[in-house]
Amino acid sequence: MIIAQVLPTPVGPLSLLSREGVLVAAGFTGDVTGMFARLTPSLQAEGLETTDDLGPAADAVRAYLGGDLEALDAVPVEQPGTPTRKRLHQALREVKPGTTISYGELAERAGLPRTAARAAGSACAQNLIAPFVPCHRILPAGGGYGGYLYGVPVKEWLLSHESGQARW
16 MIIAQVLPTP VGPLSLLSRE GVLVAAGFTG DVTGMFARLT PSLQAEGLET
66 TDDLGPAADA VRAYLGGDLE ALDAVPVEQP GTPTRKRLHQ ALREVKPGTT
116 ISYGELAERA GLPRTAARAA GSACAQNLIA PFVPCHRILP AGGGYGGYLY
166 GVPVKEWLLS HESGQARW
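Using my numbering, the final residue of the sequence shown is 183, and nothing's skipped along the way.
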């Protein structure tokens with residue numbers, strides 16, 4: 016069974032979906048069923064149930080919003096993907112709060128050539144577990160914020176929060 020909870024944040028609701036204590040989806044939306052629809056058919060076949068207390072994942076979000084910027088790192092996550100995509104997602108989790116890197120640098124950190132920036136961008140675009148897999152910390156080499164599935168204002172707030180400029 017996939018268990019879901021929606022938490023309030025300064026930039027709107029954050030939906031968390033978990034299976035046996037492992038986060039399988041998270042995103043800045045109150046639409047739990049939309050998040051559930053992005054899961055693999057095998058996970059969808061397990062069904063969806065909502066709760067008021069998802070436990071450690073929800074606690075980590077509250078701690079993160081309260082200023083413990085590394086709290087999300089302790090939550091186990093799992094999402095589908097090729098071995099390359101999984102390496103990119105792991106490299107994303109290693110980008111420390113308060114820092115940003117380019118897509119090319121993300122590719123290098125994943126053991127890929129810098130020219131694999133397009134693959135890094137695709138891994139960010141297909142990330143099912145924001146902000147636990149912090150694709151918001153990746154910026155285009157040419158400047159600006161680039162895109163973000165949940166909107167650039169959410170990405171800007173997350174980066175501002177992590178740099179100590181925004182508070183809950």
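Hints are computed from structural coordinates only; laboratory data are not their basis.
Heads up, the beta-carbon is just placed ideally off N, CA and C, and yes, glycines get one too.
Among these hints, one or two may not hold up.
[To be verified] Here are the in silico distance ranges between beta carbons for each label pair:
1. Pro-25 x Thr-97: 33 to 39 Å
2. Val-167 x Lys-101: 39 to 45 Å
3. Gly-158 x Gln-59: 25 to 31 Å
4. Gly-62 x Pro-95: 15 to 21 Å
5. Pro-95 x Gly-162: 18 to 24 Å
Cross-check of the supplied hints:
no.: 1; hint: Pro-25 x Thr-97: 33 to 39 Å; in the structure: holds (35 Å)
no.: 2; hint: Val-167 x Lys-101: 39 to 45 Å; in the structure: violated (27 Å)
no.: 3; hint: Gly-158 x Gln-59: 25 to 31 Å; in the structure: violated (39 Å)
no.: 4; hint: Gly-62 x Pro-95: 15 to 21 Å; in the structure: holds (18 Å)
no.: 5; hint: Pro-95 x Gly-162: 18 to 24 Å; in the structure: holds (21 Å)
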